[in-house]
Amino acid sequence: MAGNTETIPTEVLWGGGQSPFSVTYGKMMMWFFLVSDALTFGGLLTAYGFSRATSEDAWPIGEQVFRALPGLEGQYPLIYVALMTFILIVSSVTMVLAVEAGHRNDKAGVLKWLGATIVGGFFFLGSQAWEWSHFIHGSGGGFQLAKEVTVTADNGEAFTLPKGELVFMDHHFGDAAAALADGDPNAVLHAEGDHISITQFGDHAHTAELHSLTINKYVENEQEVSGAEAVKLWNARSDVYAFGANLEDSEYAAQQTYANFFFFITGFHGFHVFSGVVINIIIFLMALNGVFEHRGHYEMVEKTGLYWHFVDLVWVFVFTFFYLI
Amino acid sequence: MERDDLIVNDGYAMAAHHSEEAGVAIRKKIWFVTVLLTLITAVEVAMGVYFKRSEAFTWTAIKWTFIVLTLVKAAYIVLVFMHLGDERSNMKKAIMAPYILFIGYLIFIAITEGFGHLESFTTFH
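Top line first, the protein sequences correspond to chains A and B.
Quick note on our numbering: the first sequence kicks off at 119 and runs consecutively.
Quick note on our numbering: the second sequence kicks off at 13 and runs consecutively.
Excised from the complex, chain A in its bound form (with noise of 0.2 Å):
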């Protein structure tokens, strides 16, 4: 189905009297837009590899960090980024659909997927929303360790932890030892023997007792360790805590990298998917209002599809590098 040479109206025809790439201006600029835009992400995502290869601390794995559902207890490995995949896949479907639409010069199919592309643009980014939101607060924060333990896990095994290394508490006593951190006057820690509680008075007075803190959360061979084990490496602990993660703090890891790569990638394709939905808004806009159907022709939906489609493309490859491997 490619152009046809003799076809071309000669104003187009470059200086050769040839039009070498036969398609329009826009569409080849968009396409050059493109390349530029996907060494821009390349360049990340090779800072990534450079980053995770040459870090001195545990880097955090995909499976381990990323495992919660809204709403749900329990874990679901990888499930909630899938999902985040197939909206975006969907997304491009419809938009193709619409651009197919449009080369039959059918308004009404251009503006039903067009819209369709939209909401589903809107349903990404409010999952990446949650997905921010929990990677920010974190599931109950950890503490390093002020010196070397070694601890059996409840499975027998032994392992021995270095100075600094993060031990993980879970959502109930980790909420408490956040307010014991943040040096609460209202949190009071009491240790007796081998039972470790903190109780928040004020309002809603309750007490968090500590059951059992995990090891190995984000790396391999995650287990849970209690009792007097537990207790053991409460009392090792340093006065660093990790809550959640920001741009200066991180529980994922000893390293902050982790953190920042996960803002700075997922951040900056979410806001390539913003200013998509924003474009695919103005389009449809136009659509409605007969613009492309007074042109006789529908190609700046095939040209918006081009930078659509270029968003899933990318978070193909954002979803190997950074989720998978």
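Incorrect hints may appear among the rest.
[Unchecked claim] What follows is a list of derived Cβ distance ranges for each label pair: (1) Val153/A <-> Glu67/B: 57 to 67 Å; (2) Ala226/A <-> Thr72/B: 45 to 55 Å; (3) Val55/B <-> Trp248/A: 17 to 27 Å; (4) Glu33/B <-> Ala226/A: 25 to 35 Å.
Rather than coming from a laboratory, the hints here were simulated on the basis of the structure.
Each residue gets a CB set at the ideal place from its N, CA and C atoms; glycine is no exception.
With the hints as your guide, set chain B onto chain A.
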């Protein structure tokens, strides 16, 4: 000079217009690619959950499988969804050459440098 985004002649832009019958075939292809991309993603997630990273050899094979599957997905998106497969060969080459070069580099960084790190990690720990 006239605006060249005003398509005077249907033959100018690739597939600027097609008939209802052609549309049916195109839509069929689109749904086929959709199902394929979804299946590949599901397989990738299942592999990531099922296989353990501590088994170095298996994990290397898994990593390569991920990369191959990703490239398959990328190829379908670019060639079918973005219609690059239907463009002129000149256009295809001008767009694909930088992509292919850079993706090769990216894979080299992710795999080779990653292995280098794994080696030094196992040597010094």
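Checked hints:
1. Val153/A <-> Glu67/B: 57 to 67 Å: 38 Å, violated
2. Ala226/A <-> Thr72/B: 45 to 55 Å: Given about 51 Å between the Cβ atoms, the range holds.
3. Val55/B <-> Trp248/A: 17 to 27 Å: The hint (17 to 27 Å, Cβ to Cβ) holds, given that Val55/B and Trp248/A are roughly 25 Å apart.
4. Glu33/B <-> Ala226/A: 25 to 35 Å: 19 Å, violated
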